[in-house]
Amino acid sequence: AQTVTQSQPEMSVQEAETVTLSCTYDTSESDYYLFWYKQPPSRQMILVIRQEAYKQQNATENRFSVNFQKAAKSFSLKISDSQLGDAAMYFCAYGGGGGADGLTFGKGTHLIIQP
Amino acid sequence: GAGVSQTPSNKVTEKGKYVELRCDPISGHTALYWYRQSLGQGPEFLIYFQGTGAADDSGLPNDRFFAVRPEGSVSTLKIQRTERGDSAVYLCASSRYREETQYFGPGTRLLVL
Chain A
96 AQTVTQSQPE MSVQEAETVT LSCTYDTSES DYYLFWYKQP PSRQMILVIR
146 QEAYKQQNAT ENRFSVNFQK AAKSFSLKIS DSQLGDAAMY FCAYGGGGGA
196 DGLTFGKGTH LIIQP
Chain B
289 GAGVSQTPSN KVTEKGKYVE LRCDPISGHT ALYWYRQSLG QGPEFLIYFQ
339 GTGAADDSGL PNDRFFAVRP EGSVSTLKIQ RTERGDSAVY LCASSRYREE
389 TQYFGPGTRL LVL
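Going down the list, the sequences are from chains A and B. In terms of this note's numbering, the first sequence is numbered consecutively and its last residue is 210. In terms of this note's numbering, the second sequence is numbered consecutively and its last residue is 401.
Hints listed in this document are in silico derivations from the structure and should not be mistaken for laboratory results. Where is the CB? At the ideal position from N, CA and C, for every residue including glycine. The hints are all genuine.
Pairwise CB distance ranges (calculated): (1) A:Ala166 x B:Gln368: 45 to 51 Å; (2) B:Gly339 x A:Thr98: 26 to 32 Å; (3) B:Ser297 x A:Gly180: 18 to 24 Å; (4) B:Lys303 x A:Ser107: 36 to 42 Å; (5) B:Asn298 x A:Lys150: 36 to 42 Å.
Take the sequences, apply the hints, and build the full model.
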């Protein structure tokens, strides 16, 4: 079964600074996809970024970018120029290859933005 | 609608009662997923529908949980003989197809007293 590990329960960053959230996963599959979702107190899971495992180029979405290391099974999220609205729980998720049809999520990282 | 909607937003029930949670996916999305999120945890997969059929129900914890999607759109998650351990946020997500990005609803917070 696939597993996703987020080793940082909580991270804190000053507004306008850069922060990196870590995620590792375990799979024996070669074709899969990875996500970062943001969950503010409203509970709504909001897609931040998606990475296809077959793509060598790291995905970027404005201030959000990933460092995808397939051999190391690592998928970190970098948030540049942190803003107060970035404060939320961030979940790393694995999907596609093997196992159940749904996504497998990590336990999340609580991101605090200090003004 | 523009996004996935779920009703009710919150549900309080007593142990042993039956509850139904509803999910209205994004129009045209053939794939629909239910997840359960316990406090302090990430969502856990429960069941996946492709069209009207439950293609994967491997995440349902026991036979008290059941879900339907009779017309391939709206889905209902049904929990019989609720237990206090069923208290959680139940999230629904939909995607155009199985491996497309899933878009989530706001969830239903279930509290079993």
